[in-house]
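Visitor: Which chain is which? The protein sequence lines are A and B, in order. If you count by numbering that gives the first Met the number 0, then the first sequence holds residues 0 to 416, one letter each, in order. If you count by numbering that gives the first Met the number 0, then the second sequence holds residues 0 to 476, one letter each, in order.
Don't read these hints as lab results, they were simulated from the structure. Some clues are possibly wrong.
[What the hints assert, rightly or not] Below, a list of computed lysine-lysine pairs in the DSS-like style, where the Cα atoms sit at most 30 Å apart:
#: 1; chain 1: A; residue 1: K75; chain 2: B; residue 2: K104
#: 2; chain 1: B; residue 1: K123; chain 2: B; residue 2: K78
#: 3; chain 1: A; residue 1: K75; chain 2: B; residue 2: K78
#: 4; chain 1: B; residue 1: K304; chain 2: A; residue 2: K131
#: 5; chain 1: A; residue 1: K131; chain 2: B; residue 2: K401
#: 6; chain 1: B; residue 1: K304; chain 2: A; residue 2: K75
#: 7; chain 1: B; residue 1: K449; chain 2: B; residue 2: K5
#: 8; chain 1: B; residue 1: K154; chain 2: B; residue 2: K401
#: 9; chain 1: A; residue 1: K131; chain 2: B; residue 2: K343
Source: prediction; values computed, not measured.
Listed below are the residues making up each chain.
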Amino acid sequence: MAPCRHLPSRRAALLGSGALFAWTQLPKLARAEGRDPRLLVIVLRGALDGLGAVAPVGDPDWIGLRGDRALVLDGKTPALALDSFFALNPAMPNLYRLYKANEATIVHAAATPYRERSHFDGQDVLESGFAKPGVYDSGWLNRALLALTSGGRVDASGAGALAVGPVTPLVVRGRAPVMSWAPQLVVPASDDTRARLLELYQHTDLKLAAALEGRIRLAALAHADGSTASGPPPQLPPPGIARARAYFAEAAGTAARYLARPEGPRVGAMGFVGWDTHVNEGVADGQLAGLLGALDGALAAIESNLAAAWRETVVAVITEFGRTARINGSNGTDHGTGTVALLVGGALKGGRVLADWPGLKTAHLHEGRDLKGTIDLRAVLKGLLRDHLRVEEAALAESVFPGSAGVAGTAGLVRAA
Amino acid sequence: MDTSKKAVAALALNRFGLGPRLGSIAAIAADPRAALLADLDRPRAGELAAPGLPSSAQAFRTVADANAERRARQITMAKAEEAKAQAEPSMREGGVPTANAAATKMATEAVPNPGRQIYLNEAKARIDAALGSEVGFAERLVWFWSNHFCISADKIQSMSGAYEREAVRPHILGRFQDMLEAAESHPAMLFYLDNTVSIGPNSVAGINRTRGLNENLAREILELHTLGVRSVYTQEDVSRFANVLTGWTLLPAADNPDHGGEFAFNRRLHEPGAQTILGQVYSEGGVEQGKAVLHDLARHPATAKHVAGKLTRHFIADEPAPALVESLARTFQDTAGDLKEVAKALVASDEAWSLPPTKLKRPSEWVTAMVRAGGGTTADPRRFTAGQASLGEPLWRPPSPKGYADDEASWIDGMGQRLDIAHTYAERVAGALDPRFVIDSVLEGTVSAKTTQAVVRAESRQQALALLFMSPEFQRR
Numbered sequence: 000m001a002p003c004r005h006l007p008s009r010r011a012a013l014l015g016s017g018a019l020f021a022w023t024q025l026p027k028l029a030r031a032e033g034r035d036p037r038l039l040v041i042v043l044r045g046a047l048d049g050l051g052a053v054a055p056v057g058d059p060d061w062i063g064l065r066g067d068r069a070l071v072l073d074g075k076t077p078a079l080a081l082d083s084f085f086a087l088n089p090a091m092p093n094l095y096r097l098y099k100a101n102e103a104t105i106v107h108a109a110a111t112p113y114r115e116r117s118h119f120d121g122q123d124v125l126e127s128g129f130a131k132p133g134v135y136d137s138g139w140l141n142r143a144l145l146a147l148t149s150g151g152r153v154d155a156s157g158a159g160a161l162a163v164g165p166v167t168p169l170v171v172r173g174r175a176p177v178m179s180w181a182p183q184l185v186v187p188a189s190d191d192t193r194a195r196l197l198e199l200y201q202h203t204d205l206k207l208a209a210a211l212e213g214r215i216r217l218a219a220l221a222h223a224d225g226s227t228a229s230g231p232p233p234q235l236p237p238p239g240i241a242r243a244r245a246y247f248a249e250a251a252g253t254a255a256r257y258l259a260r261p262e263g264p265r266v267g268a269m270g271f272v273g274w275d276t277h278v279n280e281g282v283a284d285g286q287l288a289g290l291l292g293a294l295d296g297a298l299a300a301i302e303s304n305l306a307a308a309w310r311e312t313v314v315a316v317i318t319e320f321g322r323t324a325r326i327n328g329s330n331g332t333d334h335g336t337g338t339v340a341l342l343v344g345g346a347l348k349g350g351r352v353l354a355d356w357p358g359l360k361t362a363h364l365h366e367g368r369d370l371k372g373t374i375d376l377r378a379v380l381k382g383l384l385r386d387h388l389r390v391e392e393a394a395l396a397e398s399v400f401p402g403s404a405g406v407a408g409t410a411g412l413v414r415a416a
Numbered sequence: 000m001d002t003s004k005k006a007v008a009a010l011a012l013n014r015f016g017l018g019p020r021l022g023s024i025a026a027i028a029a030d031p032r033a034a035l036l037a038d039l040d041r042p043r044a045g046e047l048a049a050p051g052l053p054s055s056a057q058a059f060r061t062v063a064d065a066n067a068e069r070r071a072r073q074i075t076m077a078k079a080e081e082a083k084a085q086a087e088p089s090m091r092e093g094g095v096p097t098a099n100a101a102a103t104k105m106a107t108e109a110v111p112n113p114g115r116q117i118y119l120n121e122a123k124a125r126i127d128a129a130l131g132s133e134v135g136f137a138e139r140l141v142w143f144w145s146n147h148f149c150i151s152a153d154k155i156q157s158m159s160g161a162y163e164r165e166a167v168r169p170h171i172l173g174r175f176q177d178m179l180e181a182a183e184s185h186p187a188m189l190f191y192l193d194n195t196v197s198i199g200p201n202s203v204a205g206i207n208r209t210r211g212l213n214e215n216l217a218r219e220i221l222e223l224h225t226l227g228v229r230s231v232y233t234q235e236d237v238s239r240f241a242n243v244l245t246g247w248t249l250l251p252a253a254d255n256p257d258h259g260g261e262f263a264f265n266r267r268l269h270e271p272g273a274q275t276i277l278g279q280v281y282s283e284g285g286v287e288q289g290k291a292v293l294h295d296l297a298r299h300p301a302t303a304k305h306v307a308g309k310l311t312r313h314f315i316a317d318e319p320a321p322a323l324v325e326s327l328a329r330t331f332q333d334t335a336g337d338l339k340e341v342a343k344a345l346v347a348s349d350e351a352w353s354l355p356p357t358k359l360k361r362p363s364e365w366v367t368a369m370v371r372a373g374g375g376t377t378a379d380p381r382r383f384t385a386g387q388a389s390l391g392e393p394l395w396r397p398p399s400p401k402g403y404a405d406d407e408a409s410w411i412d413g414m415g416q417r418l419d420i421a422h423t424y425a426e427r428v429a430g431a432l433d434p435r436f437v438i439d440s441v442l443e444g445t446v447s448a449k450t451t452q453a454v455v456r457a458e459s460r461q462q463a464l465a466l467l468f469m470s471p472e473f474q475r476r
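Please construct the entire structure, taking both the sequences and the accompanying hints into account.
Guide: Laid out in structure tokens, this is it:
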């Protein structure tokens, strides 16, 4: 399947048919089935060191590989044992709690089909759902929405997707309507000004009209119950890791508030930057620990803001590839291959680490340097889309993850409804 | 003057410049192409008259000195507090940590970080240059190349503005090779992409210490700055090039009160020996070895193609015609990377004048065009940079070494945010700016009837201005 080149006309068609407005009147077939599923995708840009997040403490080669920078159970900052083999970075106590409550699943030594080491190509593969890098204008999450029929759990024609941040992540771009939200620093224009501008766009520029419309519907949603979904306008965040912590929590927490609403969007995506830890990675008490802690805080914000809807939610935290198995010359790690994917949410059958462990001996490393990818990340995502959102197998293999017929979706990730 | 001539002038100002100011459409309407070229022929075009701004090394030392002084004060104050606590045993319980925290707070207040102010001064010089330029083509080229060879103020704030003045501006109309060498050898780049901590495993320092190679800079030079991703290089080429670049570093501020922060080639960090890159053997030659690799990369056909693709995507269309890219790449090759000739070829292309304005202005371009149209010639750098940041394009703070995206899909969902910024700006200027005047005199009637109608019918001047600045013809180029 060639990348879609017909975005404007299709978007215009959706607009013309009124489908953009239909989302508020979703048929709630899903509720009859016992679940109204939510899926939130968090893309960690820059390549997360999976071995720094979830350490294979039971592997006899682990200490030899990372020396005194290896996370261990009896270190100065002891890792949190997940099972007899894997342990979690201690910067993530929330994730640990969720794991113990069977509401988190960790997938290890996972990788997309991409085997080079460019961040940007890697992110394009991760988010587009295509097996090879290229220029794509839609992502797998958006195409999954399109593939849903009204018989599925989420209504495709109007459910809409939520993008968080000033730049829309590729994973959620495409023909299904996208609403976007970004932290506010200025006084918003009035509803009347928005309506007038929308009217102008509808006569002059349909692409701009569709973009503005997403924002207007989101604003309406925020005011639906008399409160603002985004809360008071945030101040300029403090620098460094504190800024990351504040931004992660605010962005993720806001996304959760929208997803929680009965008539809100059902899928969303956001990207967090900063994971490219080439220098002084600080797995236990530095840079990476700080970022993982910020991510942990974001997961807590999602759980608490989703409230009752948490039971119907899966959050998938994914990254373009992993990092070198060994520490590089500057106490960091360079671009690698296999890494972890973190799944959290009340809809999961969690409390497990899924792995087909490749081993850490040099002969077992990809090109002698990276953790191998033994689980195709597409299998995990396909399993979630199939069993959680009810996307059909055929669509998953053809339009959502083109050319992935040979990659079976992982079964049993979510609870029975 | 007829409307079609004005429309071509407006297209030139939007596509290649920074948008119309009062009088600029009339000034260039007779020959918009010539006006663009004349902007490049100005003496010292692209350079910034910025007396008083520190060099990157000076800025780096200023911040380093402040950090050192703050640490010293913190230690002195903590000692004093501790002594006080010991003199009063009843206060001792938990007293020392509190004393430490208090000392840190006092030291921070006594010696604030000068980096933020340096950043704002640099930002002001850049914004004022953009608002003050007649056409803005040279400035747009500066912005393009600065984004191509981007660094981030999140990592090296002190040097972020000076880097652009030192490594980018002098070369936008010179040779690509010179800009490449200036950028890759600039301390800000070496710091941003971790080359300052990359040590040849077999160098004197590498043998003595346990630290070693970091391939970040080498990879991004090949992937982003020259050949382009998925082109002709392998992982081996990246690693060998990283070896070649070991030793390219900066003088630490602590030991060099007069030259800290300047580029230095440190032989003790440099991986000795010949290296083969893209099949070419580069014999050991210290810093010259790396320069030789950059020299060849600058002339590689893949670089010409990569650069031509990015330039056409930025100035002409998200998906430029392959023939146009090829033709520009040929100019790049035939002129050995003469960037003025390349810029002129872009202006000379038929597509530059025949394609409809489909590109969405990036937030920085759009905000600048708005303030220019509103008659602003200078701006408060705090407010301006905060506005740009809220639109997702904070100045000199790209999210990754790839720089900011240049396609519509990346930015179009930010329309709600743009409207809020337009509204905020309109609120500030509506008292002194008549929307009808902007349409008739600044934009010289080059907006659609539909936009004019919306502006005229608006409920307030402020709303009218917001609608005008948000109109498709104001946002696309």
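Visitor: Compare the structure with each hint and give your call.
Guide: Each hint, compared with the structure:
no. : hint            : verdict
1   : A:K75 x B:K104  : 28 Å, holds
2   : B:K123 x B:K78  : 41 Å, violated
3   : A:K75 x B:K78   : 28 Å, holds
4   : B:K304 x A:K131 : 21 Å, holds
5   : A:K131 x B:K401 : 19 Å, holds
6   : B:K304 x A:K75  : 52 Å, violated
7   : B:K449 x B:K5   : 18 Å, holds
8   : B:K154 x B:K401 : 15 Å, holds
9   : A:K131 x B:K343 : 36 Å, violated
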